[in-house]
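Whole structure, please, built from the sequences with the hints as guidance.
In case you want the letters, here they are:
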Amino acid sequence: MKSAAFDYERPTSLPEALDLLDRHGEDCKPLAGGQSLVPLLAMRLARPRLLVDLDRVPELRGFTGQAAGAMTTNAQLERRAGDLPPVIAAALPHIGHFQIRNRGTVGGSLAHLDPAGEWPALALLLEAELTVESKRRGRRTLSAGEFMRGPLTTALAADELLISVSWPRWPAGARWAFAEVARRPGDFALAGAACTVIAGRTRAVVFAVGPLPQVAGDGGFEVTGDLHASAAYRREVGKRLLDRVMTQAAI
Amino acid sequence: MEQSLRVKVNGQDLRREVPPRLTLADFLRDRLRLTGTHLGCEHGVCGACTVLLDGDAVRACLLLAVQADGREVTTVEGMGEPGRLTPLQRAFLARGAFQCGFCTPGFLATGEALLRSGRRLTRAELPQLLAGNLCRCTGYGPIVDAILEATGSR
Ligand SMILES: Cc1cc2nc3c(=O)[nH]c(=O)nc-3n(C[C@H](O)[C@H](O)[C@H](O)COP(=O)(O)OP(=O)(O)OC[C@H]3O[C@@H](n4cnc5c(N)ncnc54)[C@H](O)[C@@H]3O)c2cc1C
Ligand code: FES
Ligand code: FES
Chain L
0 MKSAAFDYER PTSLPEALDL LDRHGEDCKP LAGGQSLVPL LAMRLARPRL LVDLDRVPEL
60 RGFTGQAAGA MTTNAQLERR AGDLPPVIAA ALPHIGHFQI RNRGTVGGSL AHLDPAGEWP
120 ALALLLEAEL TVESKRRGRR TLSAGEFMRG PLTTALAADE LLISVSWPRW PAGARWAFAE
180 VARRPGDFAL AGAACTVIAG RTRAVVFAVG PLPQVAGDGG FEVTGDLHAS AAYRREVGKR
240 LLDRVMTQAA I
Chain B
0 MEQSLRVKVN GQDLRREVPP RLTLADFLRD RLRLTGTHLG CEHGVCGACT VLLDGDAVRA
60 CLLLAVQADG REVTTVEGMG EPGRLTPLQR AFLARGAFQC GFCTPGFLAT GEALLRSGRR
120 LTRAELPQLL AGNLCRCTGY GPIVDAILEA TGSR
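Sequence order for the protein chains is L and B. Be aware that the first sequence starts at 0, since it is given in numbering that gives the first Met the number 0, and climbs by one per residue. Be aware that the second sequence starts at 0, since it is given in numbering that gives the first Met the number 0, and climbs by one per residue.
What the hints contain is simulated information worked out from the structure, not anything from laboratory work. Among the hints, erroneous ones may be present.
What the hints assert, rightly or not - Going by beta-carbon spacing under 8 Å, a handful of chain B positions derived as facing chain L:
# : residue
1 : Arg20
2 : Gly39
3 : Glu41
4 : His42
5 : Val65
6 : Leu125
7 : Leu128
Source: prediction; values computed, not measured. Ideal Cβ positions, reconstructed from N, Cα and C, are used throughout, including at glycine.
Take a look at the structure:
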């Protein structure tokens with residue numbers, strides 16, 4: 000369980016970081032909190048030649064009630080829970096243990112795109128916008144749906160960084176609910192669901208059941224089974240959790 | 000290529016050359032011989048390697064040593080010493096909060112971070128706050144007791 004050798008750069012500005020990515024492309028990987036990437040390196044499931052540590056890129060920091068820089072840690076957001084849409088505040092404590100949240104970032108969670116992750120589900124639920132940038136093509140803004148391509152797969156090109164994520168203002172009187180099932184607190188969810196009712200419009204998302212978080216509609220949802228839970232379990236529990244959050248949010 | 004690292008460990012300023020792939024846990028254990036930081040799973044699940052980074056509890060197995068550059072690390076060796084234990088260490092001793100002791104340095108780091116956070120800790124919420132540290136011996140009850148006891152003396 001030791002990583003293969005790699006080089007390391009710690010840029011101190013966004014142009015410098017984007018330039019490194021531009022020059023090294025597929026051979027390099029950005030490093031955020033390292034809470035997913037360092038295990039992948041140790042298991043040698045990832046073998047980049049260069050890590051570009053984003054820790055000292057000031058343009059990726061910063062937080063307002065409606066947007067977070069990619070390098071904002073989940074712990075930093077938890078401390079500002081009162082300024083966030085309440086459904087984000089409710090989901091944060093489920094993202095691993097508090098020691099993991101001290102390091103793990105919003106940008107890392109979205110760019111890693113674990114189908115059981117809370118952030119991808121929140122981004123889809125809130126119809127968030129993700130701003131990404133590369134040296135050659137500049138900035139572009141993607142909807143959550145456009146950003147997510149498949150399990151652990153995003154629309155980010157090898158030379159591109161996720162800069163920030165933003166969500167619409169949370170209106171007074173909006174309602175919401177969040178629920179997930181995990182074996183122990185802090186474990187990845189085996190199934191989860193979240194719902195908002197904003198200006199009379201209901202939107203619900205189910206996650207940790209299939210290849211990606213999915214907006215709940217009439218057609219059901221896609222499920223996959225693995226070591227942790229069977230497809231049948233996820234279909235059943237996902238359905239129950241959706242019912243639960245939609246009922247709770249409606250009251 | 001080796002990378003230069005400046006880090007404060009248990010109050011001491013250090014300067015070392017390290018390969019970027021070296022984790023903080025391996026840096027502490029192999030380079031500094033601070034073997035109180037234990038490695039169980041090496042992928043973030045067991046909490047045995049938990050240390051304080053600028054006062055926050057983090058996994059030393061999920062941090063590259065170079066990421067600690069310019070920061071302060073506290074390990075179990077920096078928390079107290081024989082005859083001058085911290086209140087949390089004394090409470091662990093009094094309550095029998097360890098048997099084999101493998102998990103103990105990690106629980107002490109987690110417990111220390113919780114005590115320093117200043118939040119009011121209740122018996123009901125401690126199991127959840129401790130879920131990031133595994134213990135195969137004690138059944139957790141004495142660990143919860145010890146942390147609550149130390150809360151009283153803070
Ligand atoms: C024990 C344990 C339990 C966990 N439980 C949960 C859980 O319940 N729910 C959950 O959601 N997560 C969980 N996680 C994962 C955790 O939340 C990770 O922190 C997160 O998924 C990745 O964030 P990071 O900042 O650590 O990113 P890193 O690990 O540094 O990076 C992850 C990936 O994203 C890329 N990347 C990072 N930042 C950018 C950027 N700005 N632009 C482009 N690419 C980027 C990296 O190159 C890498 O491929 C858990 C982790 C552990 C170890
Ligand atoms: S050794 Fe770091 S969490 Fe298990
Ligand atoms: S005392 Fe043995 S693992 Fe905790």
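Results of checking the hints against the structure:
1. Arg20: Cβ of Arg20/B sits 4 Å from chain L, so the hint holds.
2. Gly39: For Gly39/B, the interface hint is violated, since the closest Cβ of chain L sits about 11 Å away, which is over 8 Å.
3. Glu41: holds (4 Å)
4. His42: holds (4 Å)
5. Val65: Holds. Min distance 6 Å.
6. Leu125: It is violated, given that the least Cβ distance between Leu125/B and chain L is near 11 Å, above 8 Å.
7. Leu128: The hint holds - Leu128/B has a Cβ within 8 Å of chain L, the shortest such distance being about 7 Å.
Hint check: violations occur at hints 2 and 6; the rest are consistent with the structure.
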